[in-house]
Structures are given as structure tokens and as C-alpha cells.
Amino acid sequence: MRVARGTLLRNLAGSIGVLCTVAGLAFGLPALDNALPAQRPAGDGPYQVGGRVVVTPPPGARLDVTLTRPGDTRGTVVFVAPGAVRYVIVVTPFKGSLAAAAERLKSKIKRGHEITGTERPVRTAGGLEGLEGSYAAPGRAGRYLVFRAGDVAIEVTVAGSAPALRAALAAIEASTRTLAYRGGTA
Amino acid sequence: MTPVHPTPEWARPGKSLLLPAFWVVLMLIAGGAVRLGLFVRESLAAYPTATLLALVLFALYAVPFCVFVAALDYLEREPPLLLATAFAWGGLVATSISIRGNAAVHNLVAKLASPGLAAEWGSALAGPTVEEIAKTLGIIAIVLVARAQVNSVLDGVVYGSLVGLGFQVVEDVVYAVNAVAVAGGGDQVAPVVATFLLRGFLAGLWSHTLFGALAGAGIGYLAVRTDRPLFVRLFVAVLSVLGAMAIHFLWNSPLLSLGGGAGIFGDLFVKGIPPLLMILLLVRGVRHREADYYVGQLAALGDRRIATEDELRVLGHGHLRAGARRYAHGRAGVKGRRAVRRLQRAQARLAVELSRAHGVGLPGLRVSGAAEPGTAPLDPALPPAVDPFDPPETGLIDPTTAAVADSLAAPGATEPVDAVGLAQAGTVEPGGAAQAGVVVGVARIPDRLSCAPVLGGPTAVRWRDRVLVERGRMLALGHPEATAPLTRNGSVRRVVGGIAVFLVAMITVGLALIALGAS
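Residue numbers (UniProt numbering), protein chains in the order written: chain Z, 1 to 186; chain G, 1 to 519.
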């Protein structure tokens, strides 16, 4: 059982072609992606998160475009505040109560983090009622806020090293107070 | 030039081991298997019930697709190992490539344009480009590993659809487990069921299996139609892959979407069904071309004991074959159904073996009386010189020989009757073998040809005898012909019935999704 030399060479060339294309898709594209910066200045004006929710980013914050996905009924935005503090707002369709939305967010946080302190009510400048709490993981501290507006739930998480979070918190709290729902009844 | 290139008799599966492509494919599948294995292990640890349910549901989901592909592939069956390789490429290699490639394309769109564009058009851009290329590579890999097994455009469709099916099943399992994680409610089954209904039914019929079939048709054409200029074949192949990409793009894009809660049903009728019908028509065309070729092999024998005119008509169509089996069941019970199924199988195998003998340009079977043994091969297009149902004495077995052959078969008659064994058992004309070779059934095989290793002849002879054995069984059951009477408006009834079942299924799935509260 032998294979003709010509067949073998053609097969080798084809195999190399397949392998190169696989490598191009699986490694070339990610390498190209990594070569481009993921963050850009977030700007000063109101930012459309998605699901008809807007927010004014903290001064000097940068937008992580690879994780930010606005949409008509839902949306996610990831800002990176000075000190590498991640400020994430997630808007999802939700029909339950504010307490239920808070429970859902906490159940996500509890995968890898621990809820600390007590939960307290908060209110945005536009009148959105919400709940606020804190959480922690080794080497990291975090705050969470959750709001109900119209047919969506707005989940906010802020996380970073404890000193960086302390430094950025005032600007981020000012930003969360600008959260607004522009879809009618809040 | 025929639309089919039969697998030459000299083709050996073991030869693939000597090809670099085999080892490349093996390595990539092993890598994909490790990756998927890790995902399944982690998912089982986090959500055991939901993950298990997702695996079971989508494994069952693959069954009707496999049955459909098997029906397409009835006449010239592909080796199961190659079919499994195609499925594994789709499920293990193409998905692994696509997970990385898709994320990169989404990010690149967001970086080079905007996150909004990535959110709205990212799937429409990443899916067709990365996923379709990754799947098409699988079909190309199959051609590289086992070129001799890709005999027709239909074979490309079969391998392409299996690559697509593998991709679809694994992707859906991943989506289902992710839906459980996103729901945040722990090990729940509701997100799995919702994903199954949404991605399996509402979005599943015109998904990767269909795209893969279209791309496979193009690659099959490129590999098989060597009678056409290379640039024409390349053009057709590129056009089919671009067609698969375009349909995928349309489905993933917000174009023509109605939006709202009922939007998925609108998408289904506007973006799902038209491509489904278009590709099914294409597949029907290539299947008929292949069926005509193989049925022509039997027709060329002109022997009604091998296949009657009605049986030839039935053999090329899956629904007619099934109808013939049902009719036999009605007339002769389970035994009749089984006999018809075995006859059809034997006829198909005989047709393939005849094509192999012709495909290498050497004589295989000869119709006795039409040509003297040892002379030039009989042109298969020529009608037989004798009436097969009224054969002359020389070289032909009496029409009742099939029953004789049956009695001579091994217990249970599960193996084809050995050609030489029949000759030695004295069922042939005395002296025939000595003078003109071995006479078997209605075939006369010259001595030197029966020993020739490159011929499809001896295998074809075995299948011809099997046909006669099964014919004998059917005669004994009082149901001599594997056909069914034509029903009036049967096709219209089937189409209308199919549409009705489809609509009822879609409405049921939609109601179930609403009940599950899927958004």
C-alpha cells in the first residue's frame, strides 16, 4: 500500500492550507484583536447604556468597547475609572420587584465574592429608587447598586483594589446619580 | 461524463493513514475534544442536571437530522467513520475555532467602529465569516483524507450537513448551559428547555446543517466534476460557500426583522423558510442526479428479476421506497416489509458495485447471452439480447433459481451467496463454468475476471445473488415486486400534510416558549 508522490505532495499542501486557515481564525484574529486598544475615552456627555437607560460617565473614565454592548431592550457598559476601577452597568428586561432584582444581582456576586455590610436605599437625581450594598473578595472591594425602572432592571457594580476604589468612589457615585430611564414610567 | 465518480475497487481505507491530512484532522479533533471535555466537566460541576439535560436533548435532536441524511445517502452510503469525522469536525474543531474567532471579530468591530455596531451587527459579521469558513474546512479535510469516497455532489452535501449538524448540536449545548448561568437561578432546567425550543426548533431547521449542506454541495462539485474546467469548479465552490455565508448573514442580521415578541415567527417566514426551501430543492436536484445514475446501472442490466421498471422508479426516491415497504407490510406482514427492505438494500449495493466496475473502465458483470464471456465488455446502455423472464438454456438460471439460491444460502441467509459456491453446487449449466467461466444467477463471469483483484465484479455478483435470494423470498411471500400502487394526489397530500404538521409544531413551540417566559 503506497501513495504516489504527487498525491502525497498535494495532500501535504492541502493539509498545510487547512492548518494555516485554522490557525488564522483561532489565533490570528485574536492576535489582531489584542493588537488594538480596547479602551477609548468615554466622553463627558450622557451615554446610552441600552434599554432606554442613560448615564453620565465619571470624569476621566475610559470605555471598554470590547465589553460594552448597547441594545434596544438591554445593554451593558463597562467604564474603567482612574486606578483601574471597573464600573459596570447592566440593563436587562425584568418584570419582578426591586427586592427580586437585588436578590438576582447578589446571587451573581456571591459566585466568587462575599456580600458585606447592610443594604440601604438610594435614589438617583432623576428619581429612580434603588438599593445599594457592598461586597469584597481577597484584594478587591466592590459596591453594587440595583434599580427598577419601567420593564428593566439596572444593575451597577463597581470593583477595584480598596485604595483605588476609595479614590474613585466619589466620582462614580456622582455618575450613578445621573442614571436615568427614558422609557416613560419609572 | 457522469455526475458520479464511483469509488474505485482499489481504494483502501487504510491508505488514508499515509496521508498528512489524516494526522492533521486527528490532531485537531483531539484538541477540540479536550477543549469541549473541559467545558462539559466544568458545566457538570456547576449545573449537573441542566448540563445533562442539555446533552441528552440535543443528542436526541440530532437523531432526525441523521435519519434524514441517511435517507439522502441511501444508494451509495458513506463510510460511518468518515461521517463521524465530519460530525466531530463540526462539533469539536469548528466550534473551538469559532469561539475564539467570533469573539475577536466582535471586538474588532467594536474597536474599529463602535460597540453599538458590534452589538447590532457583530453576530451577522462574525457568524458567517468565521463559522462558515471553519465548517467548510471540515468538508475540505474530508476530501483530503478520503478523496475516493467523495463520489458525487450529494456526498459533499452529506458531509457538509454532518459538519453543520455537529456544530449546531455542540453550539446549542453551550448556549443552553450559558443560558442557565445567565439566568442566575442555579441548576435550573427551564433555560435549557427554552434554548432547546428556541434554537432547536424555531431557529434550528435553517441553521448550520443547512448552511453546511450548501457549502458541501460546492466543495463536492469542486472535487467531483473534474470534467469541468478548474475555474468553473472553483467558481461554483466559492459561490456555494458565499451562499451559505449570505443566508447565515441574513439570519443573524437585523435586516428584514420584524422585532417585538412575535418577531421570531416573522423571521422564521421571511428569513428562515425561503433559504430552507431553496437548499432543499438544490439537494433534491443533486440527489436525483445521483439516483438516476445508480438506478441507470441496474436499468442497463435490463433484467426484471434484478429490478422491475416500477422498482427502478421506486429505488431512487426515499418516500417511494418507504411506501413500498409499507405496502409490503400490508400485504405480507413484517416478513414482507423486511424482504422489501433487504431487496432494496441489495439492489442499491448492486448498483454501486456495478458502477465501480464501470468506473474503472473494466468489465464487471455481463448479461449472459448478450456477450460471450471473455469478449469485450457489454455496453451497459445496450438492452439485453434476451428476455430475462424467458431466458435461453445456456448460462442462465431459471427464474425460480432465486428460491434455489435461498435454500442454498447459509443458515439465516444473512451473508450473500458465494458465486463460486453456487456454480459448484450445480445450479448452473453443466460445463458452462469450464467453457466460459463461472455462471452465477443471470451473470456470467469469465474465469480470469473473477480472479482479477481490481474488478467490482465478484462483489457485484454476490450482491446480484443477494437480490435474487430476496426476490425468491418475496415470491414465496406472494409479494413479488417491491413497489406500491401510486396514490392519487399523493404528493400534494404529503406536502400539505407536512406544512400542517410544521405549522402546528411551530405554534406549539411558540406557546411553550411563552409559558416558559423566554425573552
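It is worth saying that the hints were derived from the structure and are not from the lab.
There's no promise every hint is true.
Here are the computed distance ranges between Cβ atoms for each label pair [what the hints assert, rightly or not]:
hint: 1; chain 1: Z; residue 1: P93; chain 2: G; residue 2: G498; range: 54 to 62 Å
hint: 2; chain 1: Z; residue 1: V54; chain 2: G; residue 2: L255; range: 44 to 52 Å
hint: 3; chain 1: G; residue 1: A190; chain 2: Z; residue 2: R123; range: 30 to 38 Å
hint: 4; chain 1: Z; residue 1: D151; chain 2: G; residue 2: P48; range: 28 to 36 Å
Here's a subset of chain G near chain Z, in silico, CB distances under 8 Å, partners left out [as the list claims (entries may be wrong)]:
hint: 5; residue: A21
hint: 6; residue: L26
hint: 7; residue: L28
hint: 8; residue: I29
hint: 9; residue: A104
hint: 10; residue: V105
hint: 11; residue: L108
hint: 12; residue: A110
hint: 13; residue: P115
hint: 14; residue: G116
hint: 15; residue: A118
hint: 16; residue: V130
hint: 17; residue: I133
hint: 18; residue: L144
hint: 19; residue: G184
Being a predicted model, the structure only gives us computed values, none of them experimental.
Just so it is clear, CB atoms sit at the ideal spot from N, CA and C, and this is done for glycine as well.
Going down the list of hints, with the structure as the test:
| no. | hint | verdict |
| --- | --- | --- |
| 1 | Z/P93 to G/G498: 54 to 62 Å | violated, 36 Å |
| 2 | Z/V54 to G/L255: 44 to 52 Å | violated, 27 Å |
| 3 | G/A190 to Z/R123: 30 to 38 Å | holds, 34 Å |
| 4 | Z/D151 to G/P48: 28 to 36 Å | holds, 33 Å |
| 5 | A21 | holds, 4 Å |
| 6 | L26 | violated, 11 Å |
| 7 | L28 | holds, 7 Å |
| 8 | I29 | violated, 12 Å |
| 9 | A104 | holds, 4 Å |
| 10 | V105 | holds, 6 Å |
| 11 | L108 | holds, 6 Å |
| 12 | A110 | holds, 4 Å |
| 13 | P115 | holds, 4 Å |
| 14 | G116 | holds, 5 Å |
| 15 | A118 | holds, 7 Å |
| 16 | V130 | holds, 6 Å |
| 17 | I133 | holds, 6 Å |
| 18 | L144 | holds, 5 Å |
| 19 | G184 | holds, 5 Å |
When each numbered hint is compared with the structure, violations occur for hints 1, 2, 6 and 8.
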